[in-house]
Amino acid sequence: MHANLFDRFIEKESIIHRLDPRVKVITLVGFILSNALLPDGAWLAFIVGWIFLLFANDLSKLGLSYTFRRSIIALPFALAAVSAIFSPMGNPLATWHFGMFTLTPTDLGVLRFTSILIRSWLSVQMGILLVATTPFPDLIHALEHLHFPKSLSTIIAFLYRYLFVLTDETFRLLRARDARSAGLEGTKAGGALFWRMRVAGNMAGQLFVRSYDRSDRIYSAMLSRGYTGNIRTLNPHTMKQSDWAISSTIAVFLIVTQMIGWIR
Amino acid sequence: MRFSPAQLHIPDGFLTLFVSAIFWLLTVLFVNQAIRQTNKKLGEKQVPLMGIMAAFIFAAQMINFPVAGGTSGHFLGGALAAIVLGPWAGILVMTAVIAIQGLLFQDGGLLVMGANIFNMGIITAIIGFGLYRSVLNQNTKVRLGVAGFAAWLSTMASALLAALQLWISGTSQLQIVLPAMLGVHVLIGIGEAVITVAALSLIERTRPDLAKPEKIAEQGGYGWIIGGVLFSVFAVLLSPFASQNPDGLESVAENLGFLSAGVSAPYQLLSDYSLPFLGSTPLSTIAAGIIGVVVTFALVFLISRSLKKTDPTSKDH
Amino acid sequence: MSIKHQVETETAPLKITDETLQVTNLHFAYPDGHTALQNVSFTLKQGEKVALVGPNGAGKSTLMLHLNGILAGHGEVSVAGLPINEKNLPRIRASVGLVFQNPDDQLFSPTVFEDVAFGPLHMGLSETEVRQRVESALEAVVMTDYRDRLSHHLSVGEKKRIAIATVLSMSPQLLVLDEPSAGLDPRARRKLIHLLRDLPLTMLVSTHDLALVKELFPRTIIMDGGSIVADGPSDDILEDVTLLEAHGLEKPY
Chain A
1 MHANLFDRFI EKESIIHRLD PRVKVITLVG FILSNALLPD GAWLAFIVGW IFLLFANDLS
61 KLGLSYTFRR SIIALPFALA AVSAIFSPMG NPLATWHFGM FTLTPTDLGV LRFTSILIRS
121 WLSVQMGILL VATTPFPDLI HALEHLHFPK SLSTIIAFLY RYLFVLTDET FRLLRARDAR
181 SAGLEGTKAG GALFWRMRVA GNMAGQLFVR SYDRSDRIYS AMLSRGYTGN IRTLNPHTMK
241 QSDWAISSTI AVFLIVTQMI GWIR
Chain B
1 MRFSPAQLHI PDGFLTLFVS AIFWLLTVLF VNQAIRQTNK KLGEKQVPLM GIMAAFIFAA
61 QMINFPVAGG TSGHFLGGAL AAIVLGPWAG ILVMTAVIAI QGLLFQDGGL LVMGANIFNM
121 GIITAIIGFG LYRSVLNQNT KVRLGVAGFA AWLSTMASAL LAALQLWISG TSQLQIVLPA
181 MLGVHVLIGI GEAVITVAAL SLIERTRPDL AKPEKIAEQG GYGWIIGGVL FSVFAVLLSP
241 FASQNPDGLE SVAENLGFLS AGVSAPYQLL SDYSLPFLGS TPLSTIAAGI IGVVVTFALV
301 FLISRSLKKT DPTSKDH
Chain C
1 MSIKHQVETE TAPLKITDET LQVTNLHFAY PDGHTALQNV SFTLKQGEKV ALVGPNGAGK
61 STLMLHLNGI LAGHGEVSVA GLPINEKNLP RIRASVGLVF QNPDDQLFSP TVFEDVAFGP
121 LHMGLSETEV RQRVESALEA VVMTDYRDRL SHHLSVGEKK RIAIATVLSM SPQLLVLDEP
181 SAGLDPRARR KLIHLLRDLP LTMLVSTHDL ALVKELFPRT IIMDGGSIVA DGPSDDILED
241 VTLLEAHGLE KPY
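Protein chains in written order, with this note's numbering: chain A, 1 to 264; chain B, 1 to 317; chain C, 1 to 253.
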């Protein structure tokens with residue numbers, strides 16, 4: 001029903017799709033780390049990173065601008081960094097007066113703000129590319145292969161499986177609520193704010209009880225199939241030669257990016 | 001469309017490596033302990049219960065309530081999870097939720113995920129459970145009242161921590177980000193409080209077996225009360241002081257060498273990112289860069305190895 | 001009419017038996033004191049397909065949870081001559097395929113493959129063996145193409161079939177299904193009927209769908225208030241309108 005709302009994987013036949021999920025996870029972490037390591041104002045390196053991203057987009061057959069279009073979600077948080085523009089640790093560029101406030105953007109401030117934004121924006125796009133080209137269960141397998149704690153990865157797998165079931169349940173509750181409060185036109189739809197919050201709280205409580213009972217049934221279903229506390233999984237992935245080749249290429253690329261970023 | 005209340009999920013790039021690493025370290029310690037403790041208490045039920053409860057929190061965060069002018073409030077759930085499931089379970093559940101929000105929906109970054117988990121899963125559990133635990137023997141009214149206050153305060157503490165992290169990272173000016181963050185979350189926190197209280201009282205009424213005080217008492221003892229009260233006092237005292245007098249806080253931090261350490265820490269390890277014996281040439285900068293990458297990778301590798309060893313349930317067949 | 005099946009009480013340990021399931025004087029009360037099962041006794045012969053009907057709250061689901069030791073009451077339950085106890089649990093759980101009513105409870109893994117492989121993997125089988133069993137289980141429910149599908153992308157009918165595959169992969173001797181046709185549209189229900197008809201397994205199926213009973217199950221057990229109130233040929237039971245109505249059931253057309 002609402003399942004598609006949460007699906008991020010887009011099925012395509014591409015090199016990126018075929019790449020071992022471990023390589024993709026490590027690349028993502030490496031890329032984000034590399035962005036974080038680059039100094040403020042390493043424009044050339046940022047551009048190289050961006051080209052890398054475009055190239056990966058293209059290889060994935062999702063279209064050059066795919067991750068760019070979906071990266072808008074990262075924008076709202078940029079607000080938090082706006083104040084960096086007025087960092088006192090630089091030379092003032094201008095002075096703006098707003099009533100009792102005086103704002104002084106500085107060159108270092110602008111440099112810092114722009115760099116933060118670019119780093120964040122590049123990182124987010126690589127994340128988007130990862131989940132668009134990798135089915136989430138494979139991502140969980142990758143984490144397991146990389147020695148992520150098994151119980152945590154299994155909990156995440158359960159969360160993934162049941163977020164669809166429980167959000168459907170939530171949407172049903174929400175629809176029922178809206179259906180009942182629709183007739184109250186003229187009055188403030190749904191009553192006072194406090195009341196609305198209480199209704200939301202009751203829904204959360206209901207959902208909790210139902211979920212708790214569901215976990216009991218699932219537990220029984222697991223026991224019925226021989227579960228004794230140790231989750232066992234098959235290893236569905238093996239690193240191919242091409243995976244090794246691509247990951248070493250990416251490693252070299254990231255090191256080169258660092259060099260470009262640090263040589264002035 | 002976003003899938004969680006926005007303000008608190010810090011994306012990658014907004015915190016320095018130093019701040020990210022510190023909070024990853026703290027978070028790994030807590031989460032590792034949470035895995036052990038819940039495994040000890042729940043045994044083989046750990047995985048299904050924690051997984052479904054994480055899905056519950058994820059779904060409950062979709063429940064919105066219109067506030068005003070087209071905006072709507074959301075539920076975060078950290079305090080509620082810690083109160084009804086116990087602090088360790090609450091931490092584990094919130095960790096899973098924040099992990100999937102970061103991994104699958106890019107809601108919150110990966111390098112900064114340690115900080116996000118700490119802000120939204122650990123501090124909320126300490127304050128939420130700690131305060132509630134301290135009044136467990138009181139009557140329902142007092143308990144629910146304190147649960148509400150704890151939920152509100154845990155939201156404020158999350159916002160406070162996020163603001164401090166952004167400031168130490170040199171991303172935001174304290175005198176702007178702190179009042180902004182706290183101002184927004186004073187309101188969001190009220191929603192959190194009302195929802196937590198309503199949910200808790202509904203659970204107590206319909207399924208008293210799930211939220212029995214004796215059962216909650218078993219989940220954590222005086223350590224949590226002390227921790228909860230301590231952090232609460234800290235948050236309550238620090239917030240107004242910092243909002244009214246951010247310069248004061250800034251100078252305190254500066255005197256402690258806190259600020260400069262935060263801004264350029266990873267590079268300072270290698271003294272301005274160059275190796276002394278190579279002199280200050282581009283070559284030495286490059287070499288230092290490579291060493292930095294290697295060291296970081298090695299750290300990540302070691303941490304994950306040690307995690308594997310200490311995790312009692314990681315048993316491949 | 002009460003054609004209660006008499007239970008033979010001669011018990012030689014581990015004899016070769018053609019009784020796949022034997023339940024003797026089973027009693028069970030929930031911790032809150034509510035009695036859910038009273039003096040329940042019946043046997044299933046190998047290859048028998050039996051319907052379990054009765055109103056909600058009659059104790060059908062509780063009984064099913066006893067058949068592989070999820071719940072343990074007073075009395076005896078043995079599967080293929082093997083009594084259920086702590087020591088035998090792994091073998092019992094491998095030989096009783098219990099499918100829960102809600103497929104969303106039964107299918108707890110992200111992908112179909114992982115779910116069908118869960119049972120065999122936890123029986124400790126080798127990787128090749130697990131893969132083989134997954135294949136043949138999916139083949140049995142005619143869902144081989146669904147191997148790599150995500151569970152949340154399946155329709156209810158598909159989920160129900162995969163749910164059956166998740167226990168078929170354990171090669172059970174007894175299949176226990178809770179409300180398999182609930183919530184299915186006519187076509188999915190029809191497919192399920194064909195599937196259950198063609199599976200060469202001993203079956204105990206709880207259902208409200210008496211038309212399904214008429215079509216598939218030669219024998220019917222009616223439960224009410226925690227006890228078995230009738231046990232006999234479906235043809236007789238489904239004609240006995242007084243009996244059916246006394247237990248909240250309706251004669252199928």
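In case anyone wonders, no lab produced these hints; they're calculated from the structure.
A hint or two may mislead.
[Said to hold, decoys possible] Below, computed lysine-lysine pairings styled on PhoX-like, alpha-carbon distance capped at 25 Å:
(1) B/Lys-40 to C/Lys-214
(2) A/Lys-12 to A/Lys-61
(3) A/Lys-240 to A/Lys-61
(4) B/Lys-41 to C/Lys-87
(5) C/Lys-49 to C/Lys-87
(6) C/Lys-191 to C/Lys-214
(7) B/Lys-215 to B/Lys-45
(8) B/Lys-45 to C/Lys-214
(9) B/Lys-40 to B/Lys-215
[As the list claims (entries may be wrong)] Per label pair, the in silico range of CB-to-CB distance:
(10) C/Ala-182 to A/His-237: 33 to 43 Å
(11) A/Thr-249 to B/Lys-215: 31 to 41 Å
(12) C/Arg-187 to B/Val-142: 50 to 60 Å
(13) C/Ala-72 to A/Ser-248: 40 to 50 Å
Even for Gly, the Cβ is constructed at its ideal location relative to N, Cα and C.
Do the hints match the structure? See the list:
{"no.": "1", "hint": "B/Lys-40 to C/Lys-214", "result": "49 Å, violated"}
{"no.": "2", "hint": "A/Lys-12 to A/Lys-61", "result": "7 Å, holds"}
{"no.": "3", "hint": "A/Lys-240 to A/Lys-61", "result": "21 Å, holds"}
{"no.": "4", "hint": "B/Lys-41 to C/Lys-87", "result": "24 Å, holds"}
{"no.": "5", "hint": "C/Lys-49 to C/Lys-87", "result": "28 Å, violated"}
{"no.": "6", "hint": "C/Lys-191 to C/Lys-214", "result": "16 Å, holds"}
{"no.": "7", "hint": "B/Lys-215 to B/Lys-45", "result": "16 Å, holds"}
{"no.": "8", "hint": "B/Lys-45 to C/Lys-214", "result": "40 Å, violated"}
{"no.": "9", "hint": "B/Lys-40 to B/Lys-215", "result": "15 Å, holds"}
{"no.": "10", "hint": "C/Ala-182 to A/His-237: 33 to 43 Å", "result": "38 Å, holds"}
{"no.": "11", "hint": "A/Thr-249 to B/Lys-215: 31 to 41 Å", "result": "55 Å, violated"}
{"no.": "12", "hint": "C/Arg-187 to B/Val-142: 50 to 60 Å", "result": "58 Å, holds"}
{"no.": "13", "hint": "C/Ala-72 to A/Ser-248: 40 to 50 Å", "result": "57 Å, violated"}
When held up to the earlier numbered hints, the structure conflicts with 1, 5, 8, 11, 13 and fits the remainder.
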